[in-house]
Amino acid sequence: MSEQALSRRTVDIRSLLARHGALIALLVLVAGNMALTPHFLSWQTMSVNLTQVTTIIIVAVGMTLVIATGGIDLSVGALMAIAGAFAPLIFEGKLFPVPSVLAGVGIAFVLPVLIAGLCGWFNGYLITHFRIQPMIATLVLFTAGRGVAQVMTNGNLQAFRMPAFQVIGLGKVFGVPVQVILMILIVWAAAWTMRRTRFGREVLAVGGNQRAARLAGVPVDHTIRRVYIISGLCSGIAGLIVISINSSADANVVGLGSEFDAIAAVTVGGTRLSGGVASMTGTVIGALIIQIVRYMLLANGVPDSAAMVVKAGLIILAVALQTQGQRA
Amino acid sequence: MSESAPLLSMRGITKRFGGNPALAGASFEVRPGEVHALVGQNGAGKSTLIKVLTGYYRRDAGEVSFLGQPFQAASPKEAQAAGISTIHQEINLVGYRSVTENICLGREIRRFGLLDWRRMHAVAEQLLARFNVAIDVRQPLHVYPIATQQMVAIARAVGFSARLVIMDEPTSSLTDREIDVLFGVIRQLKQEGVAVVFVSHKLDELYAVCDRVTVMRDGRTVRVARMDELPKLELVATMLGRDAGSVVRQGATGFGEKNAGATRALLVTTDLAAPPAVQQVTLRVGAGEIVGLAGLLGSGRTETARILFGADAAASGKIMLRDKEFAPREPRDAIRAGIGYCTEDRKIEGIVPDMSVRENMTLALLPALTRSGVVDEEKQRRVVEGFIARLGIRCTNLEQPIRQLSGGNQQKVLVARWLCMDPKLLILDEPTRGIDVGAKADIQALIRELARHGLGVLMISSEVEEIVEGSDRAYVMRDGRTVAELSGDGLEEHGVLAVMAHGTDGANGEVADV
Chain A
6 MSEQALSRRT VDIRSLLARH GALIALLVLV AGNMALTPHF LSWQTMSVNL TQVTTIIIVA
66 VGMTLVIATG GIDLSVGALM AIAGAFAPLI FEGKLFPVPS VLAGVGIAFV LPVLIAGLCG
126 WFNGYLITHF RIQPMIATLV LFTAGRGVAQ VMTNGNLQAF RMPAFQVIGL GKVFGVPVQV
186 ILMILIVWAA AWTMRRTRFG REVLAVGGNQ RAARLAGVPV DHTIRRVYII SGLCSGIAGL
246 IVISINSSAD ANVVGLGSEF DAIAAVTVGG TRLSGGVASM TGTVIGALII QIVRYMLLAN
306 GVPDSAAMVV KAGLIILAVA LQTQGQRA
Chain B
24 MSESAPLLSM RGITKRFGGN PALAGASFEV RPGEVHALVG QNGAGKSTLI KVLTGYYRRD
84 AGEVSFLGQP FQAASPKEAQ AAGISTIHQE INLVGYRSVT ENICLGREIR RFGLLDWRRM
144 HAVAEQLLAR FNVAIDVRQP LHVYPIATQQ MVAIARAVGF SARLVIMDEP TSSLTDREID
204 VLFGVIRQLK QEGVAVVFVS HKLDELYAVC DRVTVMRDGR TVRVARMDEL PKLELVATML
264 GRDAGSVVRQ GATGFGEKNA GATRALLVTT DLAAPPAVQQ VTLRVGAGEI VGLAGLLGSG
324 RTETARILFG ADAAASGKIM LRDKEFAPRE PRDAIRAGIG YCTEDRKIEG IVPDMSVREN
384 MTLALLPALT RSGVVDEEKQ RRVVEGFIAR LGIRCTNLEQ PIRQLSGGNQ QKVLVARWLC
444 MDPKLLILDE PTRGIDVGAK ADIQALIREL ARHGLGVLMI SSEVEEIVEG SDRAYVMRDG
504 RTVAELSGDG LEEHGVLAVM AHGTDGANGE VADV
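In order, the protein sequences belong to chains A and B.
The numbering used here runs 5 ahead of the 1-based position in the first sequence.
The numbering used here runs 23 ahead of the 1-based position in the second sequence.
These are computed hints drawn from the structure, not numbers from a lab.
Ideal Cβ placement from N, Cα and C applies to all residues, glycine included.
Among these hints, one or two may not hold up.
[What the hints assert, rightly or not] Partial list, derived from the structure: chain B residues whose beta carbon lies under 7 Å from chain A: (1) Ala387; (2) Gly396; (3) Leu414.
[Claimed, not checked] The calculated label-pair distances, taken between Cβ atoms and stated as ranges, are: (4) B:Ala338 with A:Asn257: 37 to 45 Å; (5) A:Val307 with B:Glu401: 27 to 35 Å; (6) B:Ala338 with A:Gln57: 54 to 62 Å; (7) A:Met140 with B:Glu400: 44 to 52 Å.
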């Protein structure tokens, strides 16, 4: 049994790796860390990792939809900064008078997210109306967005203490952090949307073959604008979580490099950059891998800058595995 | 030539994908300097056999010998180096680079480490001269017509060293005149002792140019014969695995009886224009009528269809749909009005490759399957299963990605995409191009049946036979104008060809001015 049976087995392993490579990598990482990194399974470590990965996942959910249409959104980090800059201005009544603290907090939850969504719409508008390539179109807000956030806050760090607002970053329900619950809801809703709704199919059709989709009556431009709006909304929510955890909003720092983390999570999770495929579970796994790698390096004394190189390596590995899977 | 030792011999070739055998002990033999037809329905194993030969796939079992030596190519590049070249259906060239660059791509001639342009231009000219093509090789490729580009592709593939050239449906995008030129090239190659494997679905072409034929079915080689000893009918019967008698009764196409009676007008266009491709199109399609749209490549047929479907805008003219003015801005508008459009190019404008058969088939139907945004999957499944049974679509299950299906089955899914929304008017652009005889007959029979139930059909086809046998009436387009309307006895092959060639003044009295 030959060569034939043997060669078939290698093919099977290869396609298995391509399909479940991310999950296997995650399990290997967890096992490796249990052996190497002290206190890896402690409640505290887990909770630190979970808290940090939440924002990556939320941003990556929107990014998965964008990438599924064959696009990319570089502005997510800047939109996080915009949402983060607006929220304290609102609940501290600096932007417009608020009737009460509670009302201010309520508006501070909603309005910044909507503004980020509006920015997402602007991305989509540039792409569909002027036919600008997504990477260039979103580069506009990648640059200008953070600038807007800095201008609004005069470049100052806004420190605050507002427990009612900071529930979103620090609160817990039955011991589970609020942002984790929020993240699970968002992931679940996105996965459900992709699987069950017409919009989900239209996203995949646009990414899979845009010309065929248009000729089958799919509202292509509308669909593209919607995924960028969703990506904007996700970024807005993530921005609020970050400033709540930090008890401060710094337009220079909030969401810095998030676009990279999100794209890395999506790619490592098995969603092709060329579009037509979306895996929410994959994206979650991808984000967890990136988080654990970063934590592992940090806990073992490797500086954050070196960790970035490792992250880049991960993306290359993920893309290489995907191409393998396609060929097999 | 006929008794010489084989140039290529493949024996007992087996190839499985997952558990399914694509090739089950197939054999194939080519002699030096012969033109050998390789035929079979889609899914018979022709492409797999060729891909095994050219190193794209690795065979599971079997022996190959080439030039008397055991042969195993690890990659298409290796096969090419060994003397086996392949010319694909699509031209894989770089339009914006010069002809020379396209020919010499990957095997540039260098001098002192720099590109030796003078010699490369000379080589390119020399290669093209072999095929009687004299063009300025310094110009970018895209300025030349498709036929010339095809010649460049052939020159590139054949190079100076090919002993065996495989042509995979080389004629599907060529006009008749360009095909003649291609045949000239094939004869030229043959004279130089180069063997050609010719894969095509067009029987007339096979008989025009091939010496021998190998027929494949279900992954096996079922017949090898000299072309002149195998009548057309028997060849078709062998491909389908039926006896010759049943093929006769079906006729050459699957359309059957025609609709003779006048019908209520469904679609009427008056002086429709979108220059430069569409100049003046006036036509009428009745309910329950199959109307053919004939014409040479580039006569504006597809462009007309795209306007009717809202994919492109009309510059002037009027469209009336069921007695109401109709001006679609997007395909969506046309779909809502009950029009379906099956495009000419399955890969580029038809399938969404990674999506399942189920999702592909119901893509246009989605709005009707959706309640407040959520797809009714139960209903979707019923629709898809119904059409898979009705059209005899071969797939492992509804969730199989459509890219894994054969061309004929992909086309059936795409036809079903429109039929499932129960259209009033169906525009079919080359509905049977590049698909096997069986699927072709299935699709043609289905079109006729639907027309009997009141569907209006506008059918674009480059095969005159399909227009003549399949349509109740036909328009012929020439240079963006509908120049003639043919019906009844006037709708016959000679008449259509005459109009295509000469315009209105061509044939006898039955050709009416529009």
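Checked hints:
1. Ala387: Since chain A brings a Cβ to about 4 Å from Ala387 (chain B), closer than 7 Å, the hint holds.
2. Gly396: Status holds, d = 5 Å.
3. Leu414: 18 Å, violated
4. B:Ala338 with A:Asn257: 37 to 45 Å: Check failed, 54 Å falls outside 37 to 45 Å.
5. A:Val307 with B:Glu401: 27 to 35 Å: 53 Å, violated
6. B:Ala338 with A:Gln57: 54 to 62 Å: 58 Å, holds
7. A:Met140 with B:Glu400: 44 to 52 Å: Distance hint for Met140 (chain A), Glu400 (chain B) is violated at roughly 35 Å.
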